[in-house]
Amino acid sequence: MEKTVNQKAWFLVLPVLVLVAFSAVIPLMTVVNYSVQDTFGNNQFFWAGLEWFKEMLRDDRMWDALGRQLMFSGIILLIQIPLGVFIALNMPKSGFWVSFCLVVMSLPLLIPWNVVGTIWQIFGRVDIGLLGHTLAAIGVDYNYTSDPFAAWVTIIVMDVWHWTSLVALLAYAGLKSIPDAYYQAAKIDQASRWAVFRYIELPKMMGVLMIAILLRFMDSFMIYTEPFVVTGGGPGSTTTMLSIDLVKMALGQFDLGPAAAFSIMYFLTILLISWVFYTVMTNLEKREG
Amino acid sequence: MTLELRNVSKVIGGQTHIYPTDLTLNKGTMNVLLGPTLSGKTSLMRLMAGLDKPTTGQIFWQGQDVTGMRVQDRQVAMVYQQFINYPTMTVYDNIASPMRLLGKSRAEIDASVRKAADLMQLSPLLDRKPLELSGGQQQRCALARALVKDAGLVLLDEPLANLDYKLREELRVEIPKIFEEAGSIFVYATTEPEEALLLGGSTAALFEGRVTQFGPTPTVYRQPVDATTARVFSDPPMNFLRVSKTGSKIMFGDGQSAPAMGPMESLADGRYLAGFRPNHVEINAHANGAMAFETKLVVTELTGSETFVHLDHHGERWVGLVHGVHDLELGAALKVYLDPRHVYIFGEGGELVAPASYALAA
Amino acid sequence: MAKITLDNLAHSYLPSPKGEDDFALKELNHDWADGEAYALLGASGCGKSTLLNIISGLLHPSQGRILFDDVDVTHASTADRNIAQVFQFPVVYDTMTVRDNLAFPLKNRGARPQYIADRVQQIAQMIGMEAELGKRARGLTADAKQKISLGRGMVREDVNALLFDEPLTVIDPHMKWELRTQLKSLHHEFGHTMIYVTHDQTEALTFADKVVVMYDGRVVQIGTPQELFERPEHTFVGYFIGSPGMNVIPAAIDGQMANIHGATVALPQAYDALDGKVEIGVRPEFVTLTEGEGLPVKVRRVEDVGRHKIVRADLFGSEINIVAGEDTSISPDMMRVTFDPAHVNVYVNDWRRAGKAA
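Sequences listed follow chains A, B and C, in order.
First residue of the first sequence: 1, per the UniProt record's numbering; consecutive thereafter.
First residue of the second sequence: 1, per the UniProt record's numbering; consecutive thereafter.
First residue of the third sequence: 1, per the UniProt record's numbering; consecutive thereafter.
Bound-form chain A, shown alone:
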């Protein structure tokens, strides 16, 4: 619906524009600036063109990190989305237990990233951690500092623990918006539990699930703190995600040029994948409709 036109409204947006300029656009331009120049640290810059980009694209290290990153995001989406939906479906619909469940599920979401990392780092230690010790006691060979598989399992379980609630809460909100009449009609039609899910719950949840997938993808693709705290990217570089690699490159080795080029490509990759996701999902929604 069109509203009365009032040009003064633009002034109200101005402060936000200024803030965004300082917080996002200017730093981004600095990064762009670094990515096309070379420096020897004494504030002297040389034009490098697209050289850093080419070098990064030729670098196996980045491709490996990207591969790990995609695998990580893929695995956690495959676990968290169905698990979140499953939890939402099994949550009580009314009564005291609703608020109880909601509070319990919100708890992991409230814990800061680095604390989550620290909790799991300690939790999984074979010497003093409850999990690590217990596993060792029952004879499982578990050590995330030396075994890449154990390291992967640890960070995935940690992420699932941390974020599945978000998916579950979103899915729950979607489920709650379905009028009772639909369930009554399904009973009358003798629909199976699966049919109720497939034809009533899933279509009605589609909208929020799309948001959940996008959020979880973007977040997991940028994950840094938790694996950094738990494994530091190791053993070797088996859990070195893109962001960890980037920090290593920029701060550890002070290769600012390649790191800047890396950042920009990283950013564009996320943008691209999110866009593809979004387009595919909206089309899916349209086709369903």
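For the record, the hints were derived by calculation from the structure and aren't laboratory data.
A few of these clues could be false.
Pair by pair, the computed Cβ-Cβ distance ranges are [stated by the list, open to error]:
1. 327/C - 247/B: 29 to 35 Å
2. 109/A - 86/B: 29 to 35 Å
3. 127/B - 14/C: 23 to 29 Å
4. 98/A - 34/C: 40 to 46 Å
5. 100/B - 290/C: 50 to 56 Å
Just so it is clear, CB atoms sit at the ideal spot from N, CA and C, and this is done for glycine as well.
Dock chains B and C against the given chain A, drawing on the hints supplied.
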């Protein structure tokens, strides 16, 4: 006090919601916007209120151009189909809220609130919260708030649509009484012809974004200017029959004919559309010179004192509303009669060429 | 199809109801005949939805039994009761096509594909949606969706009853006519037992063979539209049915005469002495405004509602409504009313009292 729309139209995204419209509403009048869903009732109201800016044309309030003026700066009150009240305030505070915004004195507010509450039969409920009230009471609270604002223009957008039938009937009787007293310009949107008739005042018939006719409600009902208005203002829908006139004879589609009588006598030869209301269909001829039609009875519905007969007249569906309870055999042939005085004649383009003569006499 | 028996049925939403007031539905004993169309009519909160939910099995009554064809189904699940229901808002499976929507209840019950295809085609023809069979349900209008819900209800031939919960709420007035007529013809054609819940008297009266009028958790009258109109058993029925409702006037009864503030009105039957609150009820349709004889009235306003006029007048200080024909002209000399003696009912404490047979 007048509200005048001059050549007002509204186009959104290449789609015309309101075609150019001229309309003048006067002080102390009840104006009904009657039309089916999506006919433009709400769009027109939003233009009147100033919530939307017209694409073309101007809006005048007491002779002054208020076209671009914000709704906050105009004297407008609005009531919607949904019961909209402030949930955390008591009924008293809800009703008082518009006056408090205007900075009226405490005594003045109290007097107005109590008067409005009295009119709306809310006096015993003033300390309750809206959600503790029934739907009808909630809507009466919203109406009271619109009343105390003492706005020059009060817009009511299907305010009774979500209420129980019987409650609706009672409020329909109350609303015109209250509004006569208030002296503002009232605009009331509805989809139901019966509601328009009960409210009285003037009616603007709307169809697909056009005001097809505006005038005193009984006049629009009895003397519609075209077939569209007649269709909008008839529930059950008006029945239609294609006819052609040759000389002094009216020919029907099935080869039947009748002498041209009354208003039809003076018509030029040609094709016409005859329209008649369901309540003028008779199953016992009692008027002299009634036209007879052979139909098939499809369904009957009883209302207790009357019978709706759904008829098939050579593929056309007609509805008749006849007095008394009739036990008729479904699927059987049924002869129905029509007094020519009750027949409207429309041209092929839908314009009225001869009104039903009974309507002119009334 | 089935006969529905309500045996000693009552329901309270409270865990341990104390008095009668705690019951949303007060004790009921009724037999509803196989193949009839019933309407449950009443204002919101009268218990009509509670009763419908008990019949459909969504709610278990706190006392009594419900029987379908003499089989106790009080504790049977909704699915086992083999009923169909159409809700207030259209309930369709959005992602399915119209065809799949209609076929769904049959598929779930494992019907043969050939039978399903034939039956769906037949239903689509009945509800006039053959052309849309291949379309997805999501994009359709509210009335098209409601037709699908209706079709899905009719698709099983063996249902015990078809229940409707205010199914025309979201439908435009003009479409209401079409859907209601369609429903009526379907009932004539297939003879399902139908139960239709509504607050709209026109819908109830035009749809049903028998209307069940409910008030405050109680069934006050079950009757044909004509019975409800001519002989309301309770003043509430008189008020609730008819627009405007029945005029109820305090009176003293003496034999075959009613006495109102000294004026007399003839009654159709004679009465013995009556105790309690005595009133007579006359529908506005049976009141005539005249210049000659009758009770004195003062005309307050005349409403032209198209096919007739409603005259609102004052009779000994209370309001009386009169329905006059479209062609009747009301003149200022009309200061009297007469009642059609055949249609005057007598009420004692709000319940109709029959007189002695003449």
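Index of numbered hints that the structure contradicts, given in increasing order: none
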